[in-house]
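Chemist: Here the protein sequences come in this chain order: A and B.
The first sequence maps to residues 1 to 113 in our numbering.
The second sequence maps to residues 1001 to 1109 in our numbering.
For the record, the hints were derived by calculation from the structure and aren't laboratory data.
Beta carbons: idealized from backbone N, C-alpha and C, even for Gly.
Watch out, some of these pointers could steer you wrong.
What the hints assert, rightly or not - Under the rule of at most 30 Å between Cα atoms (straight-line distance), these lysine-lysine pairs were calculated in the BS3-like manner: (1) A:K57 with B:K1065; (2) A:K11 with B:K1009; (3) A:K57 with B:K1009; (4) B:K1057 with B:K1015; (5) B:K1009 with B:K1065; (6) B:K1073 with B:K1022; (7) B:K1073 with B:K1015; (8) A:K57 with A:K14; (9) B:K1022 with B:K1057.
Said to hold, decoys possible - To list a few chain B residues with every Cβ distance to chain A over 12 Å, as calculated: (10) V1019; (11) E1032; (12) Q1038; (13) K1096; (14) Q1101.
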Amino acid sequence: DTGVSQDPRHKITKRGQNVTFRCDPISEHNRLYWYRQTLGQGPEFLTYFQNEAQLEKSRLLSDRFSAERPKGSFSTLEIQRTEQGDSAMYLCASSRGHTGELFFGEGSRLTVL
Amino acid sequence: AQRVTQPEKLLSVFKGAPVELKCNYSYSGSPELFWYVQYSRQRLQLLLRHISRESIKGFTADLNKGETSFHLKKPFAQEEDSAMYYCALTNQGAQKLVFGQGTRLTINP
């Protein structure tokens, strides 16, 4: 499968713990996006990278969230000191340039108890 | 600020009936509009974009700048059209996509 892959698919954690999600984009795609989706809502933009450079971060992204894309390949999204409000589906997507056509992964579902 | 509004969370029609999923947007510049679809147990994927002016799976969407709308239409619904549909907007630099809340379309047999 050459699509966008995300790991883990599901994560259950206790409040206050740190979690990290990984995204492997389609190999020739230089842009990588992170979105968050809660029940009944559309995907909300969190941040995006062009190659290894993080070009934009949403105001939704508090200081507890950090994303990296070393070497411009895979990306990680870390949430420190998780809160119950962080429970959501975290979606990764990639694209070739700025076409507006994003290829999404299946998402990583986070449940914070 | 960019905003996309899909006024209907749920839409249910009978097979063979026409379908229209509404999308309104607010953006001061020249937007690019898209429809994304998520079928059951599948990933979110692009359905169509306004600049292509094409019909995909029988669906079309026309950008109406005067009404700031980008409604998705299909003349005869099929059961396999049942899915979540999201309208999305970006600026011409395509820095990021802003999504609406989505409409769950159910086609009844």
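Chemist: Hints first: check each against the structure and report whether it holds.
Modeler: Hints versus structure:
no.: 1; hint: A:K57 with B:K1065; result: 29 Å, holds
no.: 2; hint: A:K11 with B:K1009; result: 28 Å, holds
no.: 3; hint: A:K57 with B:K1009; result: 28 Å, holds
no.: 4; hint: B:K1057 with B:K1015; result: 15 Å, holds
no.: 5; hint: B:K1009 with B:K1065; result: 23 Å, holds
no.: 6; hint: B:K1073 with B:K1022; result: 9 Å, holds
no.: 7; hint: B:K1073 with B:K1015; result: 14 Å, holds
no.: 8; hint: A:K57 with A:K14; result: 26 Å, holds
no.: 9; hint: B:K1022 with B:K1057; result: 18 Å, holds
no.: 10; hint: V1019; result: 19 Å, holds
no.: 11; hint: E1032; result: 6 Å, violated
no.: 12; hint: Q1038; result: 9 Å, violated
no.: 13; hint: K1096; result: 5 Å, violated
no.: 14; hint: Q1101; result: 5 Å, violated
Violated hints for the displayed structure, listed by number in ascending order: 11, 12, 13 and 14.
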